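Protein chains in written order, with this note's numbering: chain A, 1 to 304; chain B, 1 to 282.
Treat the hints with care, as some may be off.
Said to hold, decoys possible - Footprint (simulated), chain A over chain B, 3 or more residues, beta carbon under 8 Å:
no., stretch
1, 31 to 41
2, 110 to 123
3, 173 to 187
FYI, nobody ran anything at the bench for these hints, they're computed from the structure.
Quantities reported herein were computed from a predicted structural model and do not represent experimental measurements.
Even for Gly, the Cβ is constructed at its ideal location relative to N, Cα and C.
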Amino acid sequence: MAAGAGRWGDRTTGSARVAPLLMTAPALAGLLVFVGLPFVLAIGFSFTNLRLGSPLPLEWVGLDQYARILGSATFRRALINNAYFAAVIVPVQTCLALAAAVAVNGDHRGRSFARAAFFIPALFPMAMVGVAWELIYAPGPEGPLNALGAALGAWAPRDFLRDPVLAMPSLMVLSVWQGMGLQMVILLAGLQSIPEDLYESARLDGAGPWSRFFHVTLPQLRNPLVFVVVVTALLAFRLFDQVQILTRGGPADATTTVMYQAVTAAFTRQQVALASAMSVVFFVVVVAITALGRRAFRQEQGVA
Amino acid sequence: MSSGRLRARRLLGGLPAVVITAAAVLWLLPIVFILAASLKPDSLVLAEASGWRALWPGRPSLQNYADVLDRTAFGRIFLNSVIINIGIVGGGLVVNSMAGYALARLRFRGRALVLGIVLVLLVVPLEAIAVPLFYQVTVLGGRDTYWAQILPFVANAFSIYLFYSFFLGFPKELEEAARIDGAGPLRTFVEIVVPNSGPAFASVTIVTFLLSWGLYLWPLMITSSTHVRPLPLGIAVFRTLPPLQWGDIMAFAVMMVAPGVLLFLVLQRWFVAGIATVGVKR
Numbered sequence: 001m002a003a004g005a006g007r008w009g010d011r012t013t014g015s016a017r018v019a020p021l022l023m024t025a026p027a028l029a030g031l032l033v034f035v036g037l038p039f040v041l042a043i044g045f046s047f048t049n050l051r052l053g054s055p056l057p058l059e060w061v062g063l064d065q066y067a068r069i070l071g072s073a074t075f076r077r078a079l080i081n082n083a084y085f086a087a088v089i090v091p092v093q094t095c096l097a098l099a100a101a102v103a104v105n106g107d108h109r110g111r112s113f114a115r116a117a118f119f120i121p122a123l124f125p126m127a128m129v130g131v132a133w134e135l136i137y138a139p140g141p142e143g144p145l146n147a148l149g150a151a152l153g154a155w156a157p158r159d160f161l162r163d164p165v166l167a168m169p170s171l172m173v174l175s176v177w178q179g180m181g182l183q184m185v186i187l188l189a190g191l192q193s194i195p196e197d198l199y200e201s202a203r204l205d206g207a208g209p210w211s212r213f214f215h216v217t218l219p220q221l222r223n224p225l226v227f228v229v230v231v232t233a234l235l236a237f238r239l240f241d242q243v244q245i246l247t248r249g250g251p252a253d254a255t256t257t258v259m260y261q262a263v264t265a266a267f268t269r270q271q272v273a274l275a276s277a278m279s280v281v282f283f284v285v286v287v288a289i290t291a292l293g294r295r296a297f298r299q300e301q302g303v304a
Numbered sequence: 001m002s003s004g005r006l007r008a009r010r011l012l013g014g015l016p017a018v019v020i021t022a023a024a025v026l027w028l029l030p031i032v033f034i035l036a037a038s039l040k041p042d043s044l045v046l047a048e049a050s051g052w053r054a055l056w057p058g059r060p061s062l063q064n065y066a067d068v069l070d071r072t073a074f075g076r077i078f079l080n081s082v083i084i085n086i087g088i089v090g091g092g093l094v095v096n097s098m099a100g101y102a103l104a105r106l107r108f109r110g111r112a113l114v115l116g117i118v119l120v121l122l123v124v125p126l127e128a129i130a131v132p133l134f135y136q137v138t139v140l141g142g143r144d145t146y147w148a149q150i151l152p153f154v155a156n157a158f159s160i161y162l163f164y165s166f167f168l169g170f171p172k173e174l175e176e177a178a179r180i181d182g183a184g185p186l187r188t189f190v191e192i193v194v195p196n197s198g199p200a201f202a203s204v205t206i207v208t209f210l211l212s213w214g215l216y217l218w219p220l221m222i223t224s225s226t227h228v229r230p231l232p233l234g235i236a237v238f239r240t241l242p243p244l245q246w247g248d249i250m251a252f253a254v255m256m257v258a259p260g261v262l263l264f265l266v267l268q269r270w271f272v273a274g275i276a277t278v279g280v281k282r
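Between the sequences and the hints, there should be enough to build the whole structure, so can you do that?
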């Protein structure tokens, strides 16, 4: 395929020279204007005292904003909440998605029904899920979830979304319900691309179903699994919609998140610089998660 | 297909279909609850929420649906979402596929730089730039407009990357033939590559649509009126609108997701295949 390297490059006609420019320019312009520039602005703003409507002159304040947010108990609580959300969501949602993927890949009549059932919530905007689950979490004995608790004799009526301990787990439940289906489909594709002869030889070696799962399925699923874990962890740190709709960060900061803090700072207190610093901290976390994920990918490719 | 079945049979051993079907039914319960609530009088929604009747519409009526159309500009809000999503998805297909193709197949000065920019920006989520982007778009006069909800999402590093990976695997022989016929890169792309890349376009369409259809934070920041507001923001605003009538809210919820669910049920195989490629393609 050495001939392919020259391609259109050796042609001197205008079209061949201009075409790459024409084809990449719109996307490149869009990315630079709507992602690159605001990203640079976020970093720039974070070193200033920019606050809309403030009488103070614009000043370079160095790392002051970072010192301020890291010294703020609320912001630290937001970081911890995000980490808590991720620590629960990532294993729970990944395991459920894996179990569902294995199940709907199975040979039974309900397979396509189950696949659709698990996937449909993924089509729902989180805002819609949040609003609908508010009724499911309705406080008092008439709330559906409280009624279920009473029927099972499991729990006394509670106000899930206004309970400092239960508010965050309540957000986790609806998030898993909405998000699991998409992960399931990604893992399902991974399952279906595992070569059948691997199972064949494992079976000849006398491996049982569990042994085949742990020695063939899981290692073969490594890349899709890493992808799912990284995406879920990133979503956990982007947590905003559910919080804004259901709890507004409360009670007592129990469900506040980095993004919720940033948006509140920017839009209710006009603290643009402070919000920008929070965005940068958020971005650093995102980069760290992504880097870990990419490393996990690379290792696998090295072995294979 | 049959190999998948064989494999799963071995994997699962005796795990009965009953258990899986039961789990699926359990997973659907919130949807059944939403549907039932949307079909019964507002006064009964909470009153019947604590028993099995919560999952039964009783004497179903479409009154709540009529009320939503009456109390809100549902049609307009739905149309807004359609316009915004067509803009994002349609514009994105054109712009990102061209860029992905140029990066995968053309050799030009700056190619490595452009690819590098795409890979770097792949990691920047909207949330990290939302605040400065808001001020930037405000300066450009984008508050409460369609374009401010479309343009920032058209060029998408992830879509470019997906197209780039797809086109790397596109059979070169097909392009070769076009080149011998004297077609330039752009013509080759439009006449040969695009018509033969259906799955790639379908996949990016589905993934972009799923992401843009649910956008909430950005419209919350940038819009203030019903004229341009999309569905996710519409339902959140409707929820806060007195009087609180859960039947109406659930009817709104059903109406906003029903078209998507129907589309999914019809095109299920495309959906699954489309999303699948994202996790496997690297």
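Do the hints match the structure? See the list:
Given a C-beta distance limit of less than 8 Å, the hint that chain A covers the stretch 31 to 41 of chain B holds, as 4 residues qualify and 3 suffice. Counting residues of the stretch 110 to 123 of chain B whose CB lies closer than 8 Å to any CB of chain A gives 6, which reaches the minimum of 3, so the coverage claim holds. Counting residues of the stretch 173 to 187 of chain B whose C-beta sits closer than 8 Å to any C-beta of chain A gives 4, which meets the bar of three, so the coverage hint holds.
The structure meets every hint from the earlier list without exception.
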